Amino acid sequence: MKKYIIAMMAIALFGSCADQLDQFSFAAISPDAVDIRDVPAVRNGMYNSVQNDPTVRSFILFDMLGGTIQTNSGTSRDLINATLSPLNATVGASWNGYFSALYQVNNMLAVAERFPEAELASLSKGEAHYFRAYIYFCLATRWGDVPILRNNTLERVSRDPIDAVWAFIEEELDAAATLLGTASSYYYVSSDAAIALKARVLLSQGKNQQAADLAERLITSGAYRLDAFERIFRGGANTEIIFAFENRTEESRINISDLFYTYGHPNRGQGAYKPTPETIALFADEDNRKAISLINIAGTECINKYPSGQTGRDPFIISRIAEMYLISAEAKGRSLGVERLNELRRFRGLADIFPASDEDYLTAILTERKRELLGENFMYHDLVRTGRAQEELLLLDHQHVLPIPGRELQLNPNLVPNPGY
Amino acid sequence: MKQKNKVLFMMGKYAVMLWLMVPLMSFAQQSTIIRGTVMDNSGQPLTGVTVEVVDSLQSRRFQASTNDKGIFSLAGLTAGNSYHIAFNRIGYERYLERNFLVRAGDNNSLLVRMSEVSEKVEEVVVVGYGTQRRALVTSAISKMNVDESTMRPVNSPAQLLDGRIAGVSTATGSGNLGSGERVSIRGISSLSASNEPLYVIDGVPITNTNSNLYDFGESMSSLATLNIADIESIEILKDAASAAIYGSRGTNGVVVITTRSGKEGRADIRLNVNGGMTQFPYLNKIKMADSELYVKSMNEGIANYNEQYGLQIGNSGYKLPISNPFGNLPDTDWMDVITQTGSFFTVDAAVSGGTQKMKNYFAAAYTTQEGVIKTNSMDKINLRGKMSYEVAPWLEIGTNNSANYVRNNQIPGASLGTTIIGRSIQQRPFDRPYKPNGDYYVGGTNELVYHNPMQILNEQTVYIEDLRYLGNFYTTLKWKDKLSWKSSFNADVTQTYDHTYYNENHPYGMGVGRLLDRNRLIRNYLFENVLTYNDKFGDFSLNAIAGHSFQKIDTRTTYIDARGFPSPSFVVASAAAETISSSGRGIYTLESYFGRATLSYLDRYILTGTLRTDGSSRFHRDNRWGWFPSISAGWNISEEEFMQGSGTDLKFRMSYGRTGNQDGLGSYVYQALMEGGYNYLGNSGIAVNTFGNETLTWEKAGQYDVGFDLGLLNGKVNVMVDWYQKNTTDLIYSMPVHATTGVTSITSNIGSMRNRGAEFTLNTHFNFGQFQWLSQFNIATNKNKITSLIGDDEPISIGGNRALQVGKEIGAYYLFKMEGIYQYDGEVPKSQYDIGIRAGDVKWRDLDGNGIINDNDRVVMGSSNPDFSGGWNNTFRYKGFSLDVFLSYVYGNDVFAQWQGEVARLGHNSAIMAEHAENRWTGPGSTNKYPRALNGDINNTRNSDRWLEDGSFIRLRTLMLGYNFPTPTLHKYHIKGLRAFLQADNLFLITNYPGWDPQVSNNMDPRFFSVDTFNVPQPRTFTVGLNANF
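Quick mapping for you: the protein sequence lines, in order, are chains B and Z.
For the record, in the first sequence the residue sitting at position 420 is 424 according to the numbering used here, with numbers rising by one throughout.
For the record, in the second sequence the residue sitting at position 460 is 462 according to the numbering used here, with numbers rising by one throughout.
Hints may contain errors.
[What the hints assert, rightly or not] Reference listing, derived: stretches of chain Z covered by chain B, where coverage requires no fewer than 3 residues with Cβ under 8 Å from a Cβ of chain B:
#1 510 to 517
#2 670 to 681
#3 729 to 742
#4 851 to 863
#5 934 to 941
[As the list claims (entries may be wrong)] Estimated spans, in silico, between C-beta atoms of each pair:
#6 Phe-475/Z - Phe-28/B: 27 to 33 Å
#7 Ser-585/Z - Ile-40/B: 25 to 31 Å
#8 Arg-41/B - Pro-570/Z: 45 to 51 Å
#9 Ala-355/B - Ile-315/Z: 29 to 35 Å
#10 Gly-851/Z - Phe-28/B: 49 to 55 Å
#11 Asp-362/B - Pro-327/Z: 48 to 54 Å
[Claimed, not checked] Examples of chain B residues toward chain Z, derived with CB under 8 Å:
#12 Pro-35
#13 Gly-49
#14 Gly-78
#15 Pro-90
#16 Trp-99
#17 Asn-111
#18 Pro-151
#19 Val-161
#20 Leu-415
Honestly, the hints are just simulated from the structure, not real lab data.
These numbers come from a predicted model, not from an experiment.
We put the CB at the ideal spot given by N, CA and C, even for glycine.
With the rest of the complex left out, here is chain B:
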């Protein structure tokens, strides 16, 4: 009885309280509320997520594991040993980040399917296929067998064999190339970006002839030309870049420069990693890449490709034409490919070389890749795919793939750990 009286009194006092208990976010909508007008926003969200979610070290992980950089207190070998642990924060954050980005990509595809007539729907779909391929390339080259998720799922998934993953990546890139055309800027995905990534994917699988064909297609298309590092890595207009994430300061959490510069640099950086002495020695004085690749800050040589330090962010290049030169040179083999290699070397201020054996030629290619692509996330995979990792990095057998993060293994018993970890 009392309760009813109170309730009546309360109603008399302020009838509208109950409505006040439904509160909704001021900064978000429900995913169910996405409508046709939201497609462009979902697309931007996808770009942002693929750019940011994997976290910063994912973008230099193959340098951290590739023997080209080291920490202040240990050697590159120490860095590799410290990183290759199921407990390692970078390994865990990379795994989580790629799958988090994949979620947004799959969501983009679902939204684009739902509103096929929407503005940008087909473009967004093409871009999503490209990103899916890019994410799976990153996953496969790190962990080997990984679960293929064509749709988002809460299931405890199992790992798919690496061959299936490669096939899926190629399929996605073909889908992307069909849906995409040229892009308004190299900060957006184009069909050329899909071709460039496919060339890399094919090379990784040892499908050299096809890799060389695709690389040549881009080199000879006339759309891209080798350009100076001063323009490529200092935000200038250039003819090199095929696709890059812009990493605008206010949109990005990927601050690579901070990890390379020290507090001695005017732009400041925490200086977590520096090039090894062997890496520094790779750069001859006449090499016109040297000044942009390395900088001496208060007595310490630092990587100089990302100039913002703590004052901002720098673009991260996914594909540029120089990589196509190197893919073509490597895939075509010594006699046919050496000209492409020397073309690149000449442009960078170095003399021609003519290695005597295939073995020497591969060494020359890998050395050139170290010079050209330092700090661009290539080296570990290059050494693993060419079988040079054991010898050059002193890797143990199991260290040719990354450990599945311990947390993930605990939460998903269907995942088989990589042996040795």
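Based on these hints, arrange chain Z on the given structure of chain B.
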């Protein structure tokens, strides 16, 4: 339904009593009358005294009450018989006239004097939405009076509670001014939701959010804005029966703070002045290696490395030995560089007074403080005005307003990259802060390993400014002292401004200057209506309340990140070259209905029931409303006839109640959100950032409490004992999920846990002539246990060094276990040898026996929860002098001294502790505890039991000597009272803990509590002060 039944039940009782009175009247004619007068001790007649006679032979009862002249007459007694006549009146000691012989005729008269009950029994306790006499309290409520004897020089009322109340433990993040605190009442009852109690100040449930808007390495207390001198008492509602009236926010207990008010018929002026100094205690306790030892062990580490990998001079990867670049210059005492002797000064004044119709209280306080680390300082101003006015006998209006201002000049906390002690003590001993030309050595380069601490402190301007209004306006309608209706509007409005400015010379200044300029406005409004009903039905008294409240908390934020200033003199964002800004808003609402009824029979048997229902905007419509009932019963055994006059007070209590918990959750936590701000190339983007969970609902806790209160020797010895068990179910937990889902956690109701414990408090009060001794001892134990979790019993790793596991405590550590040092290379398993482990390295327990040491080899061990804790206060008074000695203690907790791992890395280019360097392994048999020096070691400083330390301690919390000047002398100067005192806080600490202070932590979440990463310890404080009353 429940309410309705209660009403019916009471109506029934009333009817029974009426029926009982009928025979009384019919016997009245044929007998004798007793007449008498009842007076109080001062000779004033007492009205309303119940006079009662029980004729046990004929099982009849006679009753009367005194009129306004104190006169009563009791008829119907049989002449020639002897009766026990009992006199009862609320607020007075029960008086019993034994064996009164009734003579024939009407000359039977009695004169009775009743004395007011002594203060202890009359003690009034603030309960939710009202007050209660202690005698009627049937739940576990502890009270702390804040007075001259219990006052300490702290910033937050929570810190006053340290060691004072059984079952209440406190800790601070650090000894920095205004550092955040943790108050734990009866253990831990939540995982992801809040574990902090609800704070209610003068009836207003306040918001208690971190004052830091930019995480400056530790959380900051929002309670530090309050004026401690204004506080009259702090009540802790510990069990569910007392806290259930706060329903969904009661699980972690409730801290009810009552501020001072004007008293009727008095005019007081209070003036307190005090000041003093603070010190970094035990500054030299952690002994670091000097340059010689450092260089020696470093070079040994380098030599070991070269030898291990077979490297010769000229080889790639060969490491060169180091030398002291400053030759024979003396080492830098890095701790001396950053510490200082702090100081403080406080003045507070209050004017209060009252008449029957109007009462008021005005107070003002000013505090200025400097901390023990250079540049840490705080200023605080508090104003309060409180007034109540009885417009008519049936109408009272009133208001209570406080305005508070704090400015806290912060220094970096222990989890920031510029953590101030870490950036000092960890510097190599030969390094120095300034170059000969006065420039800074720049950290993070070859010339200095870590950020230069003086550059950190000098080139930053970092402060928080809090402006907080806390108050209410109310109207009370009264009807005959029985029924009242209070309608109030309450507000807790806080404007926080967080200014973090790194000028161009600061390591984080980006070379151009950076300002993080953040504003937050929290408006917490509460509209409340409470009906109170008090009545007596014969021997039964009833106290009931019923109410409704609606609370809305609206938070707005504006964040600006500005970079690029012309010079350090430009400190606003508009002067910056580049700005990035964002703003946010969130609303949380709570609607509640609540009621409580306390029924007592002659103060002997007491039954209390409460019921509350809360609807929260944090949950989906279908799961929004929660019901939180409680029931408690008390038996004042000493009120029974057979205990009369024994000088013993005994009350037995038991209670059960259910409470909820929802704090610490996001405002829209149940909703799946596609959030904005995921932009690309300057175009706005949206992305799914949470899956939501529509089934999410309250955490629920059911708590049993059994206790008794015992007073012996007429109140000279008082004991309070409680046992409890609290079961929390539907724990809200950001359940970790496999990352292939796209997220790493989903907030869910999952798992349950149990807290069991006991509390014991002993108060004694003895007078030996002029000499008085008062003591209060308390001890409490609590055992926490996770009873179910995600579904399996494997440990779930959380953070870097903790795990949750069924059957273990929240706060258990998950660490590698050291099994000694490998003495010979041959002992090292091959897979470990391959990655560079050799003789002299730590041998870890290989739990799964696979030869590899990885996260599966960690062991759940220890806990940050103590076995028992409490405090012991002794007050000695002799004439005008008083001496207070207050000890607080904790026993059986483990502290993870993470800092040790940082200063035990022999062969790493940062400072090392002398202990580790001196005792290092140098060859087989040299030690089984301290590993060798090795440059580039990845094995020996794992998060392990090497750094797990016993955190037990006894602290001399306060030592205070006071002197009250004799009153006659003071009266000449129109001073009512004057007291001078000297106080030392934290004078000593007895502990095995190797760091400075085991009672600080870089994380206040109980899951991650008690991790020391070179947190600034609680300072040692010396105070001189005067308290005057006019």
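The hints, checked one at a time:
Residues of the region 510 to 517 of chain Z with a Cβ under 8 Å from some Cβ of chain B number 5, which satisfies the need for three, so the listed coverage holds. Remark: the region 670 to 681 of chain Z is confirmed as covered by chain B, as 10 of its residues place a Cβ nearer than 8 Å to a Cβ of that chain, reaching the required three. As drawn, the region 729 to 742 of chain Z meets chain B at 5 residues by the rule of a beta-carbon pair under 8 Å; at three or more, the given contact holds. Under the rule that three or more residues need a Cβ within less than 8 Å of chain B, the assignment of the region 851 to 863 of chain Z holds, with 4 such residues.
Counting residues of the region 934 to 941 of chain Z whose beta carbon lies closer than 8 Å to any beta carbon of chain B gives 3, which reaches the threshold of three, so the coverage claim holds. A C-beta distance of roughly 31 Å is found between Phe-475/Z and Phe-28/B, which places it inside the suggested range of 27 to 33 Å. Distance hint check: the CB atoms of Ser-585/Z and Ile-40/B are about 28 Å apart, consistent with the given range 25 to 31 Å. The hint said 45 to 51 Å for the Cβ distance between Arg-41/B and Pro-570/Z, and at roughly 47 Å that hint holds.
Checking the proposed 29 to 35 Å range against Ala-355/B and Ile-315/Z shows it holds: the Cβ atoms sit about 32 Å from each other. For the hinted restraint 49 to 55 Å between Gly-851/Z and Phe-28/B, the CB-CB distance of approximately 54 Å keeps it satisfied. The hinted range of 48 to 54 Å is satisfied by Asp-362/B and Pro-327/Z, whose Cβ atoms lie roughly 50 Å apart. The beta carbon of Pro-35/B comes within 5 Å of a beta carbon in chain Z, closer than 8 Å, and the hint placing it at the interface holds.
Among the interface hints, the one on Gly-49/B holds; its C-beta lies about 4 Å from the nearest C-beta in chain Z, closer than the 8 Å criterion. Interface hint at Gly-78/B: satisfied, since its Cβ lies 4 Å from the closest Cβ of chain Z, which is below the 8 Å cut-off. Look at Pro-90/B: its Cβ gets to within about 5 Å of chain Z, closer than 8 Å, so that hint holds up. This hint holds: Trp-99/B has a C-beta 6 Å from the nearest C-beta of chain Z, less than the 8 Å allowed.
The beta carbon of Asn-111/B is positioned within 8 Å of a beta carbon in chain Z (closest approach about 6 Å), and the interface hint is therefore held. For the restraint placing Pro-151/B at the interface with chain Z, the shortest Cβ-Cβ distance is roughly 6 Å, inside the 8 Å limit, so the hint holds. Interface restraint check for Val-161/B: the shortest CB-CB distance to chain Z comes to about 5 Å, inside 8 Å, so the restraint holds. Taking 8 Å as the C-beta contact cut-off toward chain Z, the hint placing Leu-415/B at the interface holds, the least distance being around 4 Å.
The structure meets every hint from the earlier list without exception.
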